[in-house]
Every structure is written in structure tokens, then in C-alpha cells.
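**Student:** Sequence:
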Amino acid sequence: MKTVLSIEQRNAVLSRMAVLLEQERANLKAVNQQDLNNYSGDDLAMEKRLLVDDSKIDGMILSLQQLASQDDPIGQVRFNFTHDNGLKISNKTAAFGTILIIYESRPDVTVEAGGIAFKSGNKILLKGGKESLLSNQKIVSLWHQALTDSDVATSWVEYLNYDRTETQAFLEKPAQKVDLIVPRGGENLINFVKKHATCPVIVSGRGNNFVYVNSEADLDQAMAIIINGKTSNISVCNALDKVLIDTNLPNWEIFAKQLVTELQLRHVTVLGDALVSTATQVPCIENDLIWYEEFLDYKIVIGATNSDQEAIEKINKYCGGHSASIITKDEAIAQQFMDNVDTAAVYHNASTRFTDGGQLGLGGELAISTDKLHQRGPIGLQHLVTNKWYIYGDGQIR
1 MKTVLSIEQR
11 NAVLSRMAVL
21 LEQERANLKA
31 VNQQDLNNYS
41 GDDLAMEKRL
51 LVDDSKIDGM
61 ILSLQQLASQ
71 DDPIGQVRFN
81 FTHDNGLKIS
91 NKTAAFGTIL
101 IIYESRPDVT
111 VEAGGIAFKS
121 GNKILLKGGK
131 ESLLSNQKIV
141 SLWHQALTDS
151 DVATSWVEYL
161 NYDRTETQAF
171 LEKPAQKVDL
181 IVPRGGENLI
191 NFVKKHATCP
201 VIVSGRGNNF
211 VYVNSEADLD
221 QAMAIIINGK
231 TSNISVCNAL
241 DKVLIDTNLP
251 NWEIFAKQLV
261 TELQLRHVTV
271 LGDALVSTAT
281 QVPCIENDLI
291 WYEEFLDYKI
301 VIGATNSDQE
311 AIEKINKYCG
321 GHSASIITKD
331 EAIAQQFMDN
341 VDTAAVYHNA
351 STRFTDGGQL
361 GLGGELAIST
371 DKLHQRGPIG
381 LQHLVTNKWY
391 IYGDGQIR
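Letter by letter, the sequence shown follows residues 1 to 398 in full-length UniProt numbering.
A couple of the hints might just be wrong.
Label pairs and their calculated CB-CB ranges [as the list claims (entries may be wrong)]:
1) Tyr-390 x Leu-189: 32 to 40 Å
2) Asn-340 x Ile-290: 35 to 43 Å
3) Arg-266 x Asn-37: 22 to 30 Å
4) Arg-78 x Ala-274: 49 to 57 Å
5) Glu-166 x Glu-187: 18 to 26 Å
6) Lys-329 x Thr-154: 51 to 59 Å
7) Glu-187 x Ala-350: 25 to 33 Å
8) Ile-397 x Glu-187: 38 to 46 Å
9) Asn-340 x Ser-40: 41 to 49 Å
10) Ala-350 x Asn-387: 29 to 37 Å
11) Asp-394 x Asp-342: 45 to 53 Å
12) Leu-189 x Ala-30: 24 to 32 Å
13) Pro-174 x Asp-218: 38 to 46 Å
Because the hints were derived from the structure by calculation, they are not lab data.
Backbone N, C-alpha and C define an ideal beta-carbon position, used for all residues, glycine too.
Let the sequences and hints guide you as you build the complete structure.
**Tutor:** See below:
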């Protein structure tokens, strides 16, 4: 197998894959229905991620078309230097080699994350969850057809149908070369991969995102942003789980009551800290450990705070390092908040639901990293590369 495919070959495969998904739309939905019928769990977020409907297929097709139209991330010159002795030195982006993506439930990852990794010049190993096996196998068969139709070896995309024991064994001692692992899923999956992997792992972290309603907030904006962050899609890592309300906000208790009412109308279970519970009559949290939790459910915790600094400290202590937003009309306070909150994405007067490669202009994402190495936040095409030094000489010795 060639170690590098030309950009024309990669684009041809991606474009062909988009056509095949459209052609096989009905069959893919039928296969996915079998996975849904087989899924006996009661995890609402998992079931939502498992579903493949027309809108999800539209998204897969669009992501492939966008990928095919984007510039080649490989071979981009990052640095040029001519040595005193005449050596011409440059540093260029390079493919990792082989990327293993381990994920739960979401068949669209088989297309979108696989596509980004493939466009970046990498061989792809896919290990999906057992609940989406039939859907994933169907999509991988389309990958293989797209590769074959484009005169590219099917070994560029490989599906690992492993159980947990086999996966652990592969992580600890891979049967083939693996240069990078990207786990996509909940904390249990991420911790499992980090514990057993023997090669680099990009942690696509949990959410547990916060909104802070400052004393200078526009309350209509605050309400809309919180409702959107919590209820527009509970199954994603950029969903909202925690709200902090500044007690210096005039009549903060009235706003808290209105917020609780609006959330409960949308079937969200609301819990409060001692102050919010007293003000709104929602159940009080049992202890502070709940502030660490990511819910992926119709559930939210609302707390009160008496200063911007206290809000920043609380977010930095409990959040998942993903996203946090401040609602305020005071730009100086907003900037102070954004500079001091330690999350991959910080927002002023906007929903955390925008932490997404497509929404942030990357054209899609492989994952959203809460690590600070090697890339933080959404990992797009241009980030899924390593680098390589090219040195051209004429007999120089040192």
C-alpha cells in the first residue's frame, strides 16, 4: 500500500462516497432500523446518537462534499530557513500514518470523522460500538466500494469488529502500526482508552458546560441562550449542564423562577444549590460532586454566585474544559471572564452549542479536544497533521 495518496485520489474517494450514500440512503436507514430495534438500553442520548435519518445522511453527504473541496492539509510549508552553509531547510505538514477512531453509537462518525482523517492522508481504523454494528458495517462497505471505484486499496479504511477484551488487547499491543488514537464517547470510554493505549491519544473530552449570568446580563438573551444550550440537543458534548446566576443581578430570584419554569415546560429536571432551591423551590443538590457531572440528559443544575471571580473559580474547578459562556452587557467583564476561564472555547452572549468544527469554520471535525496538546477544541482537517523536516544539501557536513 502506498504510504501517501495523491490529493486527487483522496478527493475522488470522498466524492464517490457522497454519491454512494445518496444511492444507498433507503438501505442505510433500513439497516439502521435493525440496530435501533436491537438497542434495548434506556439511554436516551445514546439512542439519539444511534439514529440515522434523512437529516443525518444529508449531513454526512455535505461533510464529504465539503471535505473534497477543501485544500490539501498535507505538504503545507510552515517554516523556511537557509543555513549559513547553504542548506535549504523547510518544515511541512505530514500525515500521521494510521489513525484509530474508537467511538460509541454514532454511525455518522464512520463517515464524518473517517472522512476528515482520510482527507488528511491517513489510513483509518474504525472501532464503533456494538449497538451500531450493522449501520457501521453498511457504511464501511460503501467506503470500500468508493475506494475500489477510485482504484485505491480497500485497506485504507478498515473496521475492527472487536469486543471489549479484544479492543483492550489491540490497544495494549496493536496487531498493526497505529500512530494516533481518537476516542469519541463518554468518560468511561475515554478512560478505558487512556488506560490501555500504548500510542498517543487525543482526548475528545466530556462537556459539562457552564453559562454565567452576570449582573449586567440582558435577561431575554440569557433565557434564550440557556434554553438553546440545554434543550436543542441533549446528546452532544457542547450541550449545557450548569448555570450560575450572579446574586448582584437585580431581582435575581425572579429571573431564576422564570428560568426554572421555562426549563420545566421543556421537560428538563432542574436542581439548585441551597440559594436557588430556596428561591425557586426546586430540589436541592445532595452535594457538590454533581457539579463535576456531564448529564447528556434533560437535566440541569442552577447555582448562585456573588462575584465574577467566584464564578470563574467555580467553572475552572468543575467544568470539563470544553465550553463556557458569560451573558453580560459589560464588555470589560466579558473579556476578563473569557481570558481567565480555562476552557477550549469561551463565549460572550452566545450558546455553547456552537463549539463544533462546522460552526467554527473548519468544515467539520474529527473530535473536540479538551487536551492542550496537540490541538485544543474542534480538530478539523488542518489540525489532523503532524510535521516533517525537509533538508536539501550539496555535500554539507558538520
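**Student:** Decide, hint by hint, whether the structure agrees.
**Tutor:** To see whether the hints hold, each was checked on the structure:
1. Between Tyr-390 and Leu-189 the beta carbons are some 38 Å apart, a value that agrees with the proposed interval 32 to 40 Å.
2. Distance hint for Asn-340 and Ile-290: a CB-CB separation of about 24 Å, inconsistent with the stated range 35 to 43 Å.
3. For the pair Arg-266 and Asn-37, the supplied restraint of 22 to 30 Å holds, since their beta-carbon distance comes to about 28 Å.
4. Here the CB-CB span from Arg-78 to Ala-274 is close to 53 Å, well matched to the stated 49 to 57 Å.
5. Range check, Glu-166 to Glu-187: Cβ separation about 22 Å, and the 18 to 26 Å hint holds.
6. Separated by about 57 Å at the C-beta atoms, Lys-329 and Thr-154 satisfy the suggested range of 51 to 59 Å.
7. Here the CB-CB span from Glu-187 to Ala-350 is close to 26 Å, well matched to the stated 25 to 33 Å.
8. The hinted window of 38 to 46 Å between Ile-397 and Glu-187 is violated, with their beta carbons roughly 53 Å apart.
9. The given range of 41 to 49 Å is respected by Asn-340 and Ser-40, whose C-beta atoms sit roughly 45 Å from each other.
10. Taking 29 to 37 Å as the suggested C-beta distance range, the pair Ala-350 and Asn-387 conforms, at roughly 33 Å.
11. At about 49 Å, the CB distance of Asp-394 to Asp-342 agrees with the hint of 45 to 53 Å.
12. The given range of 24 to 32 Å is respected by Leu-189 and Ala-30, whose C-beta atoms sit roughly 28 Å from each other.
13. Separation of Pro-174 from Asp-218 is about 52 Å and departs from the stated range, judged on CB atoms against 38 to 46 Å.
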